[in-house]
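Following the hints, put chains B, C and D in place on chain A, whose structure we already have.
Residue numbers (the numbering used here), protein chains in the order written: chain A, 2 to 94; chain B, 40 to 180; chain C, 618 to 1075; chain D, 123 to 317.
By construction, these hints were calculated from the structure, which means they are not laboratory data. Incorrect hints may have been included.
Computed list of lysine-lysine pairs in DSSO-like fashion (alpha-carbon distance at most 27 Å, straight line) [to be verified]: (1) B/K46 to D/K238; (2) B/K46 to C/K838; (3) D/K238 to B/K77.
Quantities reported herein were computed from a predicted structural model and do not represent experimental measurements.
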Amino acid sequence: MDTAQKRRFIRPCTFVWLLLMLLTVTTYLIGEAGLGGIAVMLAVLGTAVVKVQMVANYFMGLRRTRWLWRGIVLGWLLLVTGLITIAYLTAIK
Amino acid sequence: MSETFTKAMARNIFYGGAVFFFLLFLALTFDTIQTLPKRDHRENITDSVVRGKHIWETRNCVGCHTILGEGAYFAPELGNVYKRRGGEFIKGWIKSQPTGAPGRRQMPQFNLTDQQLDDVVEFLKWTSEIDTNKWPPNIEG
Amino acid sequence: MQFKSQAVAKPYFIAAIALFAGQILFGLIMGFQYVVGDFLFPLIPFNVARMVHTNLLIVWILFGFMGAAYYLIPEEAETELFSPKLAILMFWIFLVAGALTIVGYLTVPYATLAAMTGNDMLATMGREFLEQPLPTKIGIVIVALAFLFNISMTVLKGRKTSISLVLLLGLWGLAIFFLFSFYNPSNLVLDKYFWWWTVHLWVEGVWELILGAMLAFVLIKITGVDREVIEKWLYVIIAMTLITGIIGTGHHYFWIGTPEYWQWFGSVFSALEPIPFFMMTVFAFNMVNRRRREHPNKAATLWALGTGVMAFLGAGVWGFLHTLAPVNFYTHGSQITAAHGHMAFYGAYVMVNLTMISYAMPMLRGRSANSPSAQVLEMWSFWLMTVSIVFITLFLTAAGILQIWLQRMGETPMSFMAAQDQIMLFYWLREAAGFVFLLGLVLYIWSFFKKGEVQTVA
Amino acid sequence: MTTDTTTPDEILATPPGDLAIWFFIFAELLAFGVFFVAYAFARARHVALFNESQQQLDITSGAINTLVLITSSYFMVRAVAAIKQGLSRECARWIVAAIGLGGVFLAIKLAEFHDKFSAGISLSTNTFYMFYLSLTIFHFMHVILGMVILAAVMLKAKGGGYSAENHTGVETGASYWHMVDLLWIILFPLVYVIH
Chain A
2 MDTAQKRRFI RPCTFVWLLL MLLTVTTYLI GEAGLGGIAV MLAVLGTAVV
52 KVQMVANYFM GLRRTRWLWR GIVLGWLLLV TGLITIAYLT AIK
Chain B
40 MSETFTKAMA RNIFYGGAVF FFLLFLALTF DTIQTLPKRD HRENITDSVV
90 RGKHIWETRN CVGCHTILGE GAYFAPELGN VYKRRGGEFI KGWIKSQPTG
140 APGRRQMPQF NLTDQQLDDV VEFLKWTSEI DTNKWPPNIE G
Chain C
618 MQFKSQAVAK PYFIAAIALF AGQILFGLIM GFQYVVGDFL FPLIPFNVAR
668 MVHTNLLIVW ILFGFMGAAY YLIPEEAETE LFSPKLAILM FWIFLVAGAL
718 TIVGYLTVPY ATLAAMTGND MLATMGREFL EQPLPTKIGI VIVALAFLFN
768 ISMTVLKGRK TSISLVLLLG LWGLAIFFLF SFYNPSNLVL DKYFWWWTVH
818 LWVEGVWELI LGAMLAFVLI KITGVDREVI EKWLYVIIAM TLITGIIGTG
868 HHYFWIGTPE YWQWFGSVFS ALEPIPFFMM TVFAFNMVNR RRREHPNKAA
918 TLWALGTGVM AFLGAGVWGF LHTLAPVNFY THGSQITAAH GHMAFYGAYV
968 MVNLTMISYA MPMLRGRSAN SPSAQVLEMW SFWLMTVSIV FITLFLTAAG
1018 ILQIWLQRMG ETPMSFMAAQ DQIMLFYWLR EAAGFVFLLG LVLYIWSFFK
1068 KGEVQTVA
Chain D
123 MTTDTTTPDE ILATPPGDLA IWFFIFAELL AFGVFFVAYA FARARHVALF
173 NESQQQLDIT SGAINTLVLI TSSYFMVRAV AAIKQGLSRE CARWIVAAIG
223 LGGVFLAIKL AEFHDKFSAG ISLSTNTFYM FYLSLTIFHF MHVILGMVIL
273 AAVMLKAKGG GYSAENHTGV ETGASYWHMV DLLWIILFPL VYVIH
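If we strip away everything but chain A, and leave its shape as in the complex, we get (with noise of 0.2 Å):
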């Protein structure tokens, strides 16, 4: 790997850094706050859903592998926190 391939490498890592770290406090803001409801609930899941996509995709490698680990990782990320946002909307009554 030479070096104009090695930025090419680490420049989308070190942006996706620090998107993660603007997300995380973000995250953190919106707990401090104490917010709660559906809307939050779903921003801040939302949030997490795409924070662990970049790390799958940019941190791990995945972006650069065949569609089908992508796929797993995604298809269980979607069911965990699908299932998870279910559980949250039956608990509001």
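Chains B, C and D alone, transformed into the frame defined by chain A:
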């Protein structure tokens, strides 16, 4: 098969995973042992209860009955029999076996002394007081 | 057979099959006692028959494991067994101890047997599956240690393959976890907690390592697939087994006085326990499909594939059916448990032993495979036994569902015996299926005596 | 060991690292996934209890730990990039930094546990704390396991055991470490924030 799938790595994961989960199991076991006194009321384990358990074992009761759901499924659950029937009924029942009713399941006669019968009842009474997370679902066991 | 000392496996296999036959006979007696309660009473009360049935099962499976190890280890280590004499001596000690124990169960009242054998000094008897008198238990430890010494020394002086390492690990684990059978506190909750360390960590832990190693060995031999590939998958499968199975012990800690969190740990991890069994099935079929040779022993291939499928169904699917705590609340200690136990034990441990015997026995008798006609007979026995165990499981499952419905649900639950009377039909059907199983077993034993044209080992 | 001649644009047949670690990763994802879902459904049955107990958690330390793990994960990306250029020493240094942040995570978490334990909280306190402690301790142990794996990789890297062509081991360790990070990214909002 991919060439980046090595036996050495598979072996490391086997050893690592086994040790990791066994340690977790030990940690949970440690917590369980710490918590149990609140659930098993061990302060009520009298000498009589101890003797009763010994009789329970040496008559192989678990070969037909279940206790807290474990054992054979040929005869009724006895974890809660004290609550279901009471001590006097249990003693009378054991003494009157076998019924000899043709074609029915038979329980052997163990020729227990009155003291031994009391011990068995004490053991079953203590067992019925264990916090079993509300199992069995109803009094029939 | 490449090494002369592998021959010590033969008596172990013969004893295993003989005891297997005994186990089935007592199973049939118990099955009949389920429908005609006073059958053979007081000659053989149900509890005695059950003790004989389950103890014979354990002992013959141990015989099978030991025979398998004596056959497999020299071939894997590429050296003669450390001491064939010790192996034969241990065979007789184990057989005599086992036989005396069974005779003791059948001829002496259990309480007298306990008093005679020092149970008052160290009380270990009278707990499910661990009913053996103290001398028998000590005998098992001695035989196990001598056996482990023998095969460990063999591996140490020879080639160390992954298969023999996994097998050794499983067998050492078997011996170590058996030591918990000597711990019997008077607190029933503690007693049960550590009783499972022997029982669960055997059948859903270290025994699966033994099973995996035996299956991998036979698959290498009959398919000719590259050892690296098979051993790699062996590691992945047993890694999954222990990752899920160790914490999976928690599915026994729902209702015995242990803290509530076990309902979560037990449910989550044991729900994942079918995964390694599923992988094993896929693995077995995959390897057979990628075979590089046509082994003349078709029966052994059938048993190997059958092990994968039936272990998955019995241990995986039937285990999963009642492993989640909210379900287990109703099914715990019912005929559902019995259904699962029958198919899981047959599918995993009976079948893997029969796979090994099917592969090794012809070799031990100087041929690479039995005659085609003997194999046809053996394959008939495979289908008869396997199909009848499926039916036994289905009938017991039906009985269990009905039992739970009548006895544990609704406003006016029936008493235990009243519920039993209602499900008698399924017990009759189960007993009928049991006789078909016996027929399969008879054919199986007959197949060893069936003459015919055989290929001799070059 | 294999030779890596891929460029960043090539589509790989299998994910970075040894495929065996991915079986492990998927198994772990599954176990945690089931636990996350179980948490959510248990909460649905005891909403008030969960909301009340959740408020006693320290969101700040949870958030800091998220930042720590994300950064540590990023350091592992740098470690992989370094070894792809054949820079063993630089790779080892990035891994040391990643492990160091893992240590910071553990320290913060220990302080949090100490707080809870000295308040007399245990697995049997209530259903919320059962989940909080189970999930975080389970994850905590994964951080330790990840650090052990990274330490082994680091030592090998330092000794020149990897090269630009042959570095599957580094990618294997990195993949596992990213998974530990990934799980915390869900765990933190789920247990600390959402109500």
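Any of the earlier hints contradicted here, and which numbers? Structure breaks hint 1 only.
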